[in-house]
Amino acid sequence: MTLEQGAVAPMMNRLLRCTAVLLVLGMAVPALGQTFRYPEDTRPTSLLPFFAEDMSAVRMVELIFDSLVIKNKRGDMEGALATSWQVDPDKMGISFALREGVKWHDGQPFTADDVAFTVKAAKDRKTVFNAKSKYRFIREVTVTGQFGVHFAFDRPLSDPETRFLFKIIPKHAFKSSSIKRKDKFNRKPIGTGPFRVQKYSLRSIRLKRFEDYWGEAQIGSIMMQHTPDKSAQVNLLQYSGGKAGVQAVIFLPPKNIPLFENSDSVVLEPYHTVSWWYMAYNHKNKALRDLAVRQAIALAINREELLEAHLGRGDTLSGPFTESSPFYNFEVEPREQDLAKAREILDAAGYKKKGKVRRKGRVKLDFKFVMDKELASNQALFLGIQAQLKKIGVIARPQYVDHARYREQVFSRKKFDLTLNVWSFEEVEDVYPLFHSEGVMNFINYNNADVDTLLDTAKATRDYKQYKEYMKKLHATLNQDLPYFFLWSLDVYSGISKRVRNVYIQPYYYFTSFKEWGLQ
Amino acid sequence: MSACKKRADSEGAASVEQVDVSADRAAARKGWLVGLAKDPAALNGLADASDGWKQLFIGDPGSAFAAFQKDGATESNRIGQARAALEISDALDALGLMVVAMTPKLLKAQAGRPNAPSSAVERAFVHGRFLQTQAGGACDAATKKAFAALPEGAPLTQLAGLACGSGEPAAVALVAGKAEGIEAELPALASQHIRRLKIRTLVAAGKHKVALRMLRSLRRADADVPLVDGGFQDPGVAGVGAAVYAAQALEALNGLAGWPQILAARAHLRLGAPEKALAALDALIAAPPTAVPFALVVNSAAQDGEDLLAWAKAWRVKALQAAGRTADAKAAAAALPTERITMRVARAWAEACVGLKPATNVFPEDRGVLSRAIRDEISALGEGAKGAADVSDLTLVERHVDAVQRLYADAMAAGGHPARAVKAAETAQDKVNAFAPSSRNRLPALARAALYSLDIDRPRVALKYLTRLKKKLPEVSAPAEMLRDLLSQKAMEQGGDVKQSP
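Heads up: the protein sequence lines correspond to chains Z and G, in order. Everything in the first sequence is counted per this note's numbering, starting at 1 for the first residue and increasing by one. Everything in the second sequence is counted per this note's numbering, starting at 1001 for the first residue and increasing by one.
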C-alpha cells in the first residue's frame, strides 16, 4: 500500500541538514515553519482598534485584541473575553460575565474596568474616529464586579450580543478616556489576543505568540510584510515553500485566479467582504460641481475594458450597492461608455475644446488625480482612465503619494480633484458617512439636500421595508447625481499555501480563527 | 545546545495529510475517466445522441431537459433527461429549504414593524404552517396552538382547518397534496397560493405535464400569503417545484431497469415515497448489472459500478430511515464499504441520514490528492491516449472531484458540521466564475452553497449566490427577497462600518 506523502520527505531532509549544521556550530536549532508570512498592500493605519480605518488594520487588530464575543464558524455567537451573558427581560440591557485569569500582553490582569473604559473612551467626545456611531446604542455601562459588566441600551434590542464584536483596550495604557490619533499605542498596542507585537518597522510588523494567552495559538509568529506591488505578492506566494515566500495573499486579483486554480501548492479560499471601487469627484472643484462634467466623465470611462486589462472579472456598478446588496436597485442600469454622448453633454454645457482640453470661461477640465501608490494596479488603471478622458478633452494629471500621505491629503485635507479607491463594508453597506453632507467620511464635499433627506428619513425609520425602499431610491439618486463614479466590485479570493492547515477565513475580519491555523 | 521546542506546529510534529488513494487509483484505471482518455468515442456518442448532453455539460439543465424531450427516447437520452430533471429538483429543493429556514426570522421581523397588527392573521397562519413542516406535515399541538390565534371565518383560517384535516374531504386532500384532492375548491386565497397547493396534488395524481405547466406559469416573486407590501411564502408548499421535477425524472426513467433505478430511487424519496425507493434499490443491489451506462456515470461522483453500488446502498440507508426503519438503516450504514474516497463519503452521508455524526476526514483536506491520483493514471497511459486532451480540455477530472466533494459537503451539512459543508461547497467551484453558474458550477451546487451559507449565518453570501443564479433559476426570487428583507432589518437596526481598501 503506498501512502501519499506530499512534501514531507524533502522537507524533513532539509530540516535534518539544517539541524546538523546548526548543531555543529553550537547554535540553537530554530523551529522551522513557525512563522506565518503574509503581505499587505498598505501598512495598517493604526493598531489602536478605534483608529483601524483600513482593512489591513482591521485584519491585524483581529490578531492582537479580543472582543467580548465572536461569531464562530457555525455562525453562532461564542464567548471570548466574556464567558456568558444574560439579556435583560425588557431587552433594554445585557450583563456579561467576564473570563477570569486573562492577561494583557504587558502582564496586567484584564478586568471589567477595561471593558467599561473601552466604551467610555469610544463615547468620549475627544476620541474622534469614524465608527463612533457603533457605540451609540449603549446608554450606560456599569461594572458589577471585578468580572462583571452591565450595558444599558437606548432602546430595546433583539440579539444584542451580536453588537459586542468591538475590541477591548486596556485602561491602564491610557491617561484618560480622550484618546488621540497620535497615541503611541497605535504602534505599541497592548491586547489580550493570541499575538502581541514584537517588532514594528516601516516594512513589516512581526507578531509573536502570546505565551499567556487564555486560549492557544498553533503558529509561533506572524510576519506581515508591506508589499504594495501585487505582482510581487503573487510571486512570493508561488514560491511559498521557499525562505522568502509567503503563506497567504489576502486578495488575489481575479486575473491571477487561473494561475492557482489547480495548483499543487496553493489553495484558493474566498474572502467574503462587501467592497467596491470608485472614482471620487471633489465637489469643491467648480467644474466637478457641474453635473454635466461628472456625467461626461462617467460616460467616457470604459469600465469593462479597464477590468479586463488590469484586474480581471468584476461586476460594474450603478450605485453604492453591489448586486448582492438588499438595497441594489435593479431598475437602474449601469452606464456604458459612450464617448459621443459625453462630448455632446460637454458641448451643450458650454465646455468647448481649446487645444487638448475643454474650457468654459476660466474653468478648465484639467484635474489633479491623486492616487494611493499602494492601491493594486493603480498606475495601470490611472493610465487607462487618463487615456479615456483625453478622448473627450478632459485632462487628468497624476499625483502618486504613499498611503499615509494619501489619507492625510485626500481624506483629511481634501486636496484633490479626482481619486480612485476602494471601500469595504461589514455585512451591509452603511453609506450615510460617505454621502450625507455631515457624514464623517464625506471627504468629497458632497452636499445634496435630497440625499440628506433620504438618508435622514431612512435612519429615522423603524420599518425595514421602508428602509429598504429608501436605500433603493438612494441608489437611483446617487446613480443620477454621481457624487462618485461607482466603478465595480470584485470577488475576493485569498491564495493560501497548502502548508497552512485548518484555514477558516472569517468574512470581513479574516483572522478571527487564526489561532486554530497550523503550519507544516 | 538547546532542545527543539515541541509545539503543535513544529516541523515534523504535525504530519502531512496521508491519504491512501491506492484503491482510488485502481478504480480510476478501470473507470470512465481513464476509459475516455483511452478512447473518447463514448463521449462523442452522447453528444451525437442529443443536444441535451451538451446543455447538461455546460450547466444548463433546463435547456438540457427540453432537448432530451425532443431528441428521442433512447436509454442514454432518458437517463440524461432524468439527470437534468433531478438537477433542477435538487436546486429547487435547496431553495425550498431556505424559505422554510428563513420563515421564523421573517415572522419575527414582520412582527417588529410598526404596522405589525395588520399582519397578525397572516403571521399566525404562516407560523402554524412552519410548525407543521417541522412536525413532518402533522398537525401537532404546537401547530394547532398557532392556528388557534386565527379569527373565525377568514379564508386563511379555513385553510388552516383544512391543513389540520378539518373540512370537506377533497379540500383536505388538496391541501395535503393528495391525488384525491384534484377537483377540490379552496377558499378565497391568493391565486399563486392556490396554484402551488394544486401543483402538489397534480403530481400525486400523475398529471406531471399539467403540474409542470402550472409551475412554469407561476409568478415566482409573488407571495403565497400577500400583505400590503410583500408577504410570505407558505412553508408547507416550499418544495413544490422540487417535487414536480422529481416526477419528471420518474417519467423519463419509466421502464428502465438496472442502474438507472438509482435515479428513480432519489426521485421517489423526493416525492415522499420511501417504500418505492426501497423496492427500486433492493432490486438493483440484489442483482447489479455488470454493464454500467456511460450516461449515468459521466460527470458524476462515481467512477464505475462499484462506486454506483456504494451510492445505491447509501441511498437505501436514507430510504430505510425515511420509512421509519431506523435500526435497519443504522445497520445498513455500518455495513457500507470504505475502500475508496467516494465510498467513505457515501458512508458519511448515510450515517448523517440516520442521525449519526459522521467522520469529517473522509474527504482529503487537499482535494488535489484525489485529482492527482486520477490524473496520474491518465498520464500513465502515455502518448497514445487519444482522449486525454478531451478529458483535460473539458476539465472532467476536476468535475468528477467536484461531484465527490459536493457530496462530502452534503454529508457534512447533514451531519452537523455546517462550516465544513460551506468550505467544501466553496472549494468545489470554478473560481473564475465565482459563485455563478458555469459548466462546473452546477445549479444545485450553487443553491446548496447558498443554503449552507445561510446555515452559518452568512445571509449576504447566500444572497450573492441567489442573485447570480437568477437568470438560470428564476425561482430564486422568493428566497432572495426574504434575504433582502432580513438584511434590511439588520442594516436598519445595527448600521455598519466602512473602511478603506480591499
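Keep in mind the hints are simulated off the structure, nothing from the lab. Take these hints with a grain of salt, some might be off.
[Said to hold, decoys possible] Only some residues are given here: those of chain G computed to face chain Z with a beta carbon under 7 Å:
# : residue
1 : P1114
2 : L1227
3 : D1229
4 : G1368
C-beta atoms are modelled at their ideal positions from N, C-alpha and C, and glycine is treated no differently.
To see whether the hints hold, each was checked on the structure:
Because the smallest distance between the Cβ of G/P1114 and any Cβ of chain Z comes to about 5 Å, under 7 Å, the interface hint for this residue holds. Checking G/L1227 against chain Z: minimum C-beta separation of about 9 Å lies over 7 Å; hint violated. The interface hint given for G/D1229 holds, since its Cβ lies 5 Å from the closest Cβ of chain Z, which is under the 7 Å cut-off. With 7 Å as the threshold, the beta carbon of G/G1368 comes within range of chain Z, its nearest partner Cβ sitting at about 6 Å, so the hint holds.
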